[in-house]
Amino acid sequence: MMSGKEFFEKRYEKLGWKYRDVNPRQAIRINVANSEPRDIVERLKSRGIEVEAIPFLENGFWVCNSKLSVGATPEYLLGRYSIQEAAAQIPASLFTKPEHRTMLDACAAPGGKTVQMADQMLNTGVLMALDVEKRRLAALANHLERCHVKNAVVYEMDARQVSKLNVKFDGVLLDVPCSGNAATDKGWFRRRTIDDVKRNAELQKEILAEATKVLKDNGELIYSTCSLEPEEDELNIDWAIRTLGLETERIDCYGDEGAINVFGKELDGSIENCRRIWSGRTQGFFLCKLRKRVTRK
Amino acid sequence: MKLINDFAHRFNVSLSIDESLVMEKRNRHFLLNAELKRLVSRDFFYAGIYLGKVKNRIFFPSFTLLDMIAEKEKANKTIINRKAEWLFVCGRDLLKQGIIGIAGSRGKGTCTLVLNERGECLGFGKIIANLSEAKDEHAAIVKNISDIGDFLRRER
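So the protein lines, in turn, are chains A and B.
Heads up, the first sequence is in numbering that gives the first Met the number 0, so the first residue is 0 and it goes up one at a time.
Heads up, the second sequence is in numbering that gives the first Met the number 0, so the first residue is 0 and it goes up one at a time.
Here chain A stands alone, though its shape is the one from the complex (with noise of 0.2 Å):
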C-alpha cells in the first residue's frame, strides 16, 4: 500500500533522514516596519510572555513561557507582531532588497506572508496577493488591516491565472498548496496517499509555469512548501529548471542541502542550493530561490 506512516518513513529514511515525532515551538514575527523589535520584547515581558530570539531568522521569536494568549495581547491585535512558525517565516525573508519592486504573493491566504513581505518591503512598491478561496480572503484582509499593510491589493483568483492581470513582477513568492507534514498535522499519516502527493505536485507545476510567465526577465522566485515529499520539492525544481527557464540561486538560511538524488533518480546538481527542513525545532519545510534567466533576442 502507497501510504501509512511505515511507508512514508521508509521514504524519508532513503533520504537520509529518521522520523520522529515533534511539536514545533510557537513562534511570533515583530513586524518592523511599524515597531521596534526590542521595544515590543520588553512589553510582552511586561506581560507576562517571555520570547527568545530564532538565531537563524533577523525578526522571528520562539514564545517561550506565557501566562496568556499571545494572539490576545493588545501589541497583537495593534499588529506589532504576527504568530508565524518559525521555518514559515524564512521564504519572504529570501527577496533581494524587495523595497520598491512589484511584488506577487500568489498563494497568499491567511496572509501571514503577505505581511511578512509588506512588512518587508517597508510599504513600500506595490504587493499583489491571491488566493483562490473566497471565504480565506476575509483572514487575508483582516491581517492586512492589522498589521497596517499600505501597500497590497487582493485579488480572489486562482494563481494559474495569474497573467490576466496583466502585470510583470520583481519577486514572486509561491508558497504553494501542499500535502503538508506530519508535525503540524498529526493524523496526517492515516491521511495521506502517494497520489494526493502526486496530484500535489501536479497542480504546483501548473502553478510554477503560469507564475514563471509573469516573472520579468531575471526576477526572483521563491518557491515553498511544507512538505516533505520530493514530489513537491526537488522533483519539481528539477522540472522547474528544465522546461521554464528557472536557475537555483544559493541561499544562507536554516536547513539541509536539497537531495540531489531521489529514490535513485538523480536530479540536476543545483538542487543543492535548496534548503529541506526536517521536522524538529520547526516543522518540515522546502525552500528553493529561483532565477528567471534573461532571454536574448
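In case anyone wonders, no lab produced these hints; they're calculated from the structure.
Please note that a few of the clues may not be correct.
[Said to hold, decoys possible] Taking lysine to aspartate or glutamate pairs in the EDC-like style, the calculated list, with each CA pair at most 16 Å apart, reads:
1. A/Lys133 to B/Asp5
2. A/Lys163 to B/Asp42
3. A/Lys17 to A/Asp255
4. A/Lys185 to A/Glu5
5. B/Lys52 to B/Asp5
6. B/Lys24 to A/Glu155
7. A/Lys167 to B/Glu34
8. A/Lys167 to A/Glu209
9. B/Lys95 to B/Glu154
10. B/Lys36 to B/Glu18
11. B/Lys82 to A/Glu74
12. B/Lys71 to B/Glu34
13. A/Lys4 to A/Asp195
14. A/Lys204 to A/Asp157
15. A/Lys133 to B/Asp42
16. A/Lys185 to A/Glu8
17. B/Lys52 to A/Glu209
Mind docking chain B on chain A? Use the hints.
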C-alpha cells in the same frame, strides 16, 4: 468621501485625502497610493489602506482611519491606563478610574478616540458622563463603540 470627512468631523478634525485615490468596492472604501492605483483592476477584493464600510447607511470606520484621525493633534482623545487598555479591547466601557486624561471636546455625546499611554489608538467611543463631575471611580465615562479586539471577534 463626504462620509469619511463627516466621520472625521465628529472628532473635531478634517482629513485631507486625495479623492482621486479613493476606490469603493461593495460599500467598502480604500485609499490607494498612485502606484497601486495605476496597477489595480476593478475586481479587487482589498487594496491599499482600508478606510471603512457603509452598512445600512451607517459608516463603520477601519482602525487605520482612526489612526489617521489620531495623528491630528486637535482630535478628541481619551488617554487611558494599562488596566483600562486591557478592558477596553475586551469591549468594555471606560470608567473614571482608568482615564488619565481627555483632550479636545469633553461634552456628553462627543466622539473620542481612545489611546493607550503610548498614544496608540485602540478604538473610539462616545462620552456619556462628565469626567470632572463624576464622583464615583467606577462611573462609566466613555461608552465603547469600536475597539481593536474586533480583529479577534470577527474571526469567531
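Is A/Lys204 close enough to A/Asp157, meaning Cα to Cα at most 16 Å?
-> Cα-Cα ~14 Å, so holds.
Are the Cα positions of A/Lys167 and B/Glu34 separated by 16 Å at most?
-> Holds, because 14 Å separates the two Cα atoms, which is no more than 16 Å.
Sort out whether A/Glu8 lies within 16 Å of A/Lys185, counting only the CA atoms.
-> Holds, at about 15 Å.
For the pair we were handed, A/Lys167 and A/Glu209, check the Cα-Cα distance against 16 Å.
-> 12 Å, holds
Assess, step by step, whether the Cα of B/Lys52 is no farther than 16 Å from the Cα of A/Glu209, and give holds or violated.
-> 34 Å, violated
Mind checking the alpha carbons of A/Lys17 and A/Asp255 for me, to see if they're no more than 16 Å apart?
-> 14 Å, holds
Pair hint B/Lys71 and B/Glu34, alpha-carbon separation not exceeding 16 Å | Violated. B/Lys71 to B/Glu34 sits at ~26 Å, over the 16 Å cutoff.
Keeping to a limit of 16 Å between CA atoms, is the pair of B/Lys82 and A/Glu74 held or broken?
-> 14 Å, holds
Under the criterion that the straight-line Cα-Cα distance not exceed 16 Å, is the pair A/Lys163, B/Asp42 satisfied?
-> 12 Å, holds
Please work out if A/Lys133 and B/Asp5 have their alpha carbons no farther apart than 16 Å.
-> 32 Å, violated
Take a quick look at whether B/Lys24 and A/Glu155 sit within 16 Å of each other, Cα to Cα.
-> Holds. B/Lys24 to A/Glu155 sits at ~13 Å (cutoff 16 Å).
Does A/Lys185 pair with A/Glu5 here, judged by a C-alpha cut-off of 16 Å?
-> Holds. A/Lys185 to A/Glu5 sits at ~15 Å (cutoff 16 Å).
Of the hints listed earlier, those the structure fails to meet are numbers 1, 9, 12, 17, in rising order.
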